[in-house]
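*Asks:* If you want the building blocks of each chain, they are given just below.
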Amino acid sequence: MSGERKPAYPPLALWGIFLSVLTGVGVIFFGTSVSTPALLGGAALFALVLALALAVSRRSVQVEGGGTDPEGSPATVWLALSLALMMAGVALGLWLVLIGGGMALIGIGGVIRELRAQRAAGREARR
Amino acid sequence: MKPIDTRNQFFDVWNVYWPIALAVFLVILGSVVFLGLRYRSKSNEIPAGKDESTPLEVGYAIGLACIAAFLVFLTFSRMPGSEDANATGKPVDVRVTAARWNWRFEYPSLGYAEQGTKRHVPVLRVPVNTPIEITGSSLDVIHSFFVPEERFKRDVFPNQHTRWEMVFEDAGNQVGGGECAEFCGLEHGNMNFDVLVMPKAEFARWAQGAS
Amino acid sequence: MSAISPRPAVVPLRPPVGSRRRASLLEILSSTDHKRIGLVTMVTAFCFFLLGGSLALTMRAELQKPGLQFLTDHTYNELFTIHGSTMFFLFAVPVVLGVGLYFVPLQIGAARLLWPRLALAGYWLFAAGGVLMYSGFLTQQGAASFGWTAYFPLSDANASPGVGADFWVLAVILATTGGLLQSVSLLGTIARLRVPGMTMLRMPLFTWSQLATVFMVITGFPVLIVTMALLQMDREGVGIFSASPEGPVTYQHLFWFYGHPVVYVVFFPLVGVVGEIIATFSRRRFFGFRVTVLSLLAFSAISMAVWGHHMFATDQVSNRYFSLTSTALLVPAGIEYFGFLATMAGGRIRFASPMLFAIGFVLLFLIGGLTGIMVASPPLDYHVHDTYFVVAHFHYTLFGGTVFGLFAAIHYWFPKVTGRLLDERWAKATFVLLFVGALATFIPMFVLGSEGMTRRVADYLPLHHWTTLNTISTVGAFTIALGVLTFLVNLMRSLRLGELVGPDPWEGQTLEWATTSPPPRHNFTALPPIKSHTPLFDLREEGREPLREVGLEREVPREEVPA
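Protein chains in written order, with my numbering: chain A, 1 to 127; chain B, 128 to 338; chain C, 339 to 901.
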């Protein structure tokens with residue numbers, strides 16, 4: 001019974017290569033302007049770098065036994081809504097940005113606490 | 128610049144594309160109906176048959192690529208456009224300026240300007256079968272100069288001059304023959320103009336009177 | 339940790355009573371369970387679909403005949419702006435991501451999402467964005483009214499003053515960031531949480547299509563987020579797009595670099611579901627799976643390289659390059675269609691409602707695809723760009739693609755999510771009304787556009803004689819509305835009274851059918867062996883039952899389980 005799980009980066013790397021070819025065709029045969037190599041070439045580069053990151057990092061990620069997710073994460077909801085309030089504050093005024101910012105700090109604290117508890121539970125479970 | 132017959136440019140391509148598209152649609156529709164009826168079954172046996180055939184699919188992909196290549200060649204051959212043998216004479220220079228929400232047509236060589244207002248729909252006067260060289264610009268947001276009868280439009284930008292040329296082949300008065308095609312705000316839908324294509328002699332007489 | 343057993347998976351007919359106490363609304367909305375996040379995202383997105391659709395109905399009522407009957411120009415402009423914005427930012431993108439969040443972990447045999455907090459945060463950013471966008475209607479100058487594309491300088495502070503427009507820009511940033519976060523979570527999940535034995539090529543078609551989608555999201559969405567931030571800065575007085583005459587064109591490049599891939603983002607996952615539905619309901623594996631996977635990757639890559647075709651009429655891009663790439667799309671699209679037909683050929687087809695909607699997708703999306711090849715040719719586009727021809731084209735890809743695909747997915751996966759079937763007769767009524775409505779609403783628009791009716795206009799001149807076609811289109815739109823209504827009735831009814839089913843009512847091929855309906859918190863108690871992209875089908879082919887359904891009080895023989 002095979003337990004292997006082949007790596008995930010090849011499709012992304014292939015995709016990055018596709019984008020590179022498309023960029024090349026545009027620049028070489030059609031003399032496309034700055035925007036094409038910048039945008040499409042940039043996307044190609046990003047995809048290739050991300051594929052590299054995926055390839056390199058797979059050895060170090062421990063995800064087996066990851067069942068220490070909490071049932072819910074109210075801190076995340078709080079944080080997301082605070083960010084939304086900050087965004088609304090860009091239009092409505094600095095007062096809202098500051099309120100949202102304060103709430104966001106609380107939210108970040110909450111998420112950090114949750115993550116710590118999660119890690120502790122994971123250590124506990126592995127003992 | 129070579130005079131472009133925008134109508135020919137359109138129809139040369141359209142007359143090939145639409146029959147192909149219709150044929151493809153009918154073939155696929157027919158296949159779906161045929162396959163749906165032919166292979167409809169209440170049996171829960173797993174049918175025999177292969178799940179893939181890479182040579183078939185590669186061949187098919189090559190066929191599709193050939194169709195794509197053909198369409199691209201056809202399209203490229205009509206860009207910038209087909210020369211219109213009928214267009215003769217000295218090109219007429221028109222400056223088109225769009226501003227929210229009307230048009231201004233200026234004839235620099237005649238020193239004449241046609242300004243659209245709330246009460247006056249501007250008229251674009253052009254001689255028939257003559258190259259018209261147009262320079263377009265906008266005073267505010269992006270607009271688009273669109274003459275459906277000629278199967279052509281071109282966007283005009285603020286602080287930029289876009290140049291193109293057209294040939295108008297049928298004399299006549301098209302009321303509401305021109306529109307703004309790029310959404311430009313509140314009265315975008317009311318930004319139409321008339322197109323008056325005049326026989327050459329008549330245009331010459333008008334030009335004399337106007338300058 | 340799931341056990342992989344060489345014998346069929348043993349699956350309870352229903353989750354044990356009391357195995358999961360009824361959650362409070364608060365718990366559901368802050369859950370890290372991918373199924374809850376996915377479902378909440380889908381439901382919220384569908385609500386926005388209903389809102390956006392109502393705006394469309396209002397527009398169609400006004401356009402039925404010449405003369406402004408009950409709307410002003412300004413209100414009309416708000417309506418089409420928010421209609422398009424709702425449908426893209428608040429409905430289509432979130433709904434396909436929601437479907438992915440629910441079903442990708444199931445299809446890959448995972449118990450959870452990787453980084454579920456990202457997905458949860460993503461939902462709330464999207465929801466908040468939606469509220470913010472609609473808040474524009476409550477402001478003095480109204481909601482944004484510059485089109486969902488927000489072209490510059492129409493969208494600058496000069497031409498579009500008012501905080502409603504600012505809300506729109508910020509809402510787009512929120513919703514798009516939300517989608518990006520959910521996609522990152524999906525990408526991580528696919529990369530790291532596939533059950534052992536599931537190589538990439540053993541992932542099902544839907545998961546592959548979702549992966550290709552995520553590639554487009556992570557490269558395209560950040561560009562929009564940055565562009566909108568720059569737009570807002572310009573609106574606040576910092577010269578970005580207003581700093582040079584090239585600003586408006588630069589804006590279009592940046593916008594469409596996101597704007598084209600997004601239309602693929604909203605239909606790709608549904609191509610995957612439709613493929614799986616056609617395969618399941620033809621009792622075959624999808625034909626040419628590996629070629630299709632390659633073609634999906636190529637399709638999504640090419641889609642990143644075609645954005646200039648929205649700018650053909652500007653004469654500021656290489657029309658030839660973008661015409662080449664746009665026309666090239668017909669190759670992978672044709673391969674997908676070949677797959678649909680070749681799967682049906684030689685199959686044993688059942689026409690249950692998921693299959694009907696899948697066929698509807700195939701035919702309606704085709705109209706969009708073929709007319710898409712037309713507008714990929716600049717000489718044709720010079721005429722039909724910014725007219726109702728293009729409106730018809732993209733409504734066929736969006737309505738035929740996203741909406742029909744979504745209805746196919748809903749009718750297919752509703753039993754998995756709820757443990758009940760949707761009613762087949764109401765479903766058929768929905769199908770007929772939506773299909774006929776789609777034809778009646780949008781075919782006349784091809785003609786209107788060819789005759790020169792431009793888009794984004796509240797009214798038209800009687801001298802054009804466009805009234806008949808507009809009337810047919812309006813009737814079609816209300817037919818669609820009626821179809822959606824029948825679906826809502828079906829939904830409400832079936833949630834209480836729908837026929838109860840077990841884990842696998844359709845004889846499915848993929849892992850989501852190897853667990854109870856609905857699945858328990860961590861998805862699986864056991865999994866069948868993974869030897870291909872169709873594990874359950876493999877077992878059936880070997881003559882073995884893929885599941886042994888065990889009731890808690892008694893064993894349920896296979897024949898008694900509704901098919």
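Since the hints were derived computationally from the structure, they do not count as laboratory data. A quick note: this is a predicted structure, and the numbers were derived from the prediction, not measured. Honestly, I wouldn't trust all of these hints.
Said to hold, decoys possible - Simulated crosslink set (DSS-like; lysine-lysine; CA at most 27 Å straight-line):
| # | chain 1 | residue 1 | chain 2 | residue 2 |
| --- | --- | --- | --- | --- |
| 1 | B | K245 | C | K766 |
| 2 | B | K169 | C | K403 |
| 3 | A | K6 | C | K869 |
| 4 | B | K327 | B | K217 |
| 5 | B | K177 | C | K869 |
Unchecked claim - Each pair of labels, with its calculated beta carbon distance range:
| # | chain 1 | residue 1 | chain 2 | residue 2 | range |
| --- | --- | --- | --- | --- | --- |
| 6 | C | L364 | A | L115 | 19 to 27 Å |
| 7 | C | K403 | B | A150 | 34 to 42 Å |
| 8 | C | Q478 | B | Q242 | 43 to 51 Å |
| 9 | C | N496 | B | R290 | 21 to 29 Å |
| 10 | C | E880 | A | I28 | 37 to 45 Å |
| 11 | B | A175 | C | E762 | 49 to 57 Å |
| 12 | C | Q478 | B | V302 | 33 to 41 Å |
| 13 | A | E71 | B | A175 | 25 to 33 Å |
| 14 | C | V469 | A | E71 | 22 to 30 Å |
| 15 | B | R246 | C | G405 | 16 to 24 Å |
Stated by the list, open to error - Calculated Cβ distances over 12 Å to all of chain A for the following chain C residues:
| # | residue |
| --- | --- |
| 16 | S369 |
| 17 | P583 |
| 18 | L634 |
| 19 | V655 |
| 20 | S656 |
| 21 | L771 |
| 22 | V774 |
| 23 | E789 |
| 24 | P800 |
| 25 | H860 |
All residues carry an ideal CB built from backbone N, CA and C; glycine is no exception.
*Asks:* Confirm or reject each hint.
*Replies:* Hint-by-hint comparison with the structure:
With a C-alpha separation of about 52 Å, the suggested pairing of K245 of chain B with K766 of chain C is violated against the 27 Å cut-off. Taken as a hint, the K169 of chain B and K403 of chain C pair is broken in the structure, with Cα atoms around 49 Å apart against an allowance of 27 Å. Between K6 of chain A and K869 of chain C the alpha-carbon distance is near 13 Å, which keeps this suggested pair within the 27 Å criterion. Restraint check for K327 of chain B and K217 of chain B: satisfied, since their Cα atoms lie roughly 11 Å apart, inside the 27 Å limit.
Restraint check: the Cα-Cα separation between K177 of chain B and K869 of chain C comes to about 17 Å, which is no more than 27 Å; the hinted pair holds. L364 of chain C and L115 of chain A have their C-beta atoms about 21 Å apart, which keeps the hinted 19 to 27 Å range intact. Between K403 of chain C and A150 of chain B the beta carbon distance is about 36 Å. The supplied range of 34 to 42 Å therefore holds. In this structure, Q478 of chain C and Q242 of chain B break the distance hint of 43 to 51 Å, their C-beta atoms being roughly 33 Å apart.
A C-beta distance of roughly 27 Å is found between N496 of chain C and R290 of chain B, which places it inside the suggested range of 21 to 29 Å. Under the hint 37 to 45 Å, the C-beta atoms of E880 of chain C and I28 of chain A, about 52 Å apart, miss the expected range. Between A175 of chain B and E762 of chain C the beta carbon distance is about 29 Å. The supplied range of 49 to 57 Å is therefore violated. With their beta carbons about 39 Å apart, Q478 of chain C and V302 of chain B fall inside the hinted range of 33 to 41 Å.
Range check, E71 of chain A to A175 of chain B: Cβ separation about 48 Å, and the 25 to 33 Å hint is violated. Under the hint 22 to 30 Å, the C-beta atoms of V469 of chain C and E71 of chain A, about 26 Å apart, fit the expected range. The hinted range of 16 to 24 Å is satisfied by R246 of chain B and G405 of chain C, whose Cβ atoms lie roughly 19 Å apart. For S369 of chain C, the requirement that its beta carbon stay farther than 12 Å from each beta carbon of chain A is not met, with the minimum near 5 Å.
At roughly 15 Å from the closest C-beta of chain A, the C-beta of P583 of chain C stays outside 12 Å, upholding its exclusion from the interface. Some Cβ of chain A comes within 12 Å of the Cβ of L634 of chain C; the nearest lies about 9 Å off, and the non-interface call is violated. Some Cβ of chain A comes within 12 Å of the Cβ of V655 of chain C; the nearest lies about 7 Å off, and the non-interface call is violated. The claim that S656 of chain C is not at the interface with chain A is violated, since a C-beta of that chain comes within 12 Å of its own (minimum 5 Å).
Distance check for L771 of chain C against chain A: the nearest CB is about 37 Å away, which clears 12 Å, and the non-interface claim stands. With a cut of 12 Å on Cβ distances, V774 of chain C stays outside the contact zone with chain A, its closest approach being about 39 Å. Non-interface call for E789 of chain C relative to chain A: holds, since the shortest CB-CB distance, roughly 33 Å, exceeds 12 Å. For P800 of chain C, the shortest C-beta to C-beta distance to chain A comes to about 42 Å, beyond the 12 Å cut-off, and the non-interface label holds.
Listed as a non-interface residue, H860 of chain C fails to keep its Cβ farther than 12 Å from every Cβ of chain A; the least gap is roughly 7 Å.
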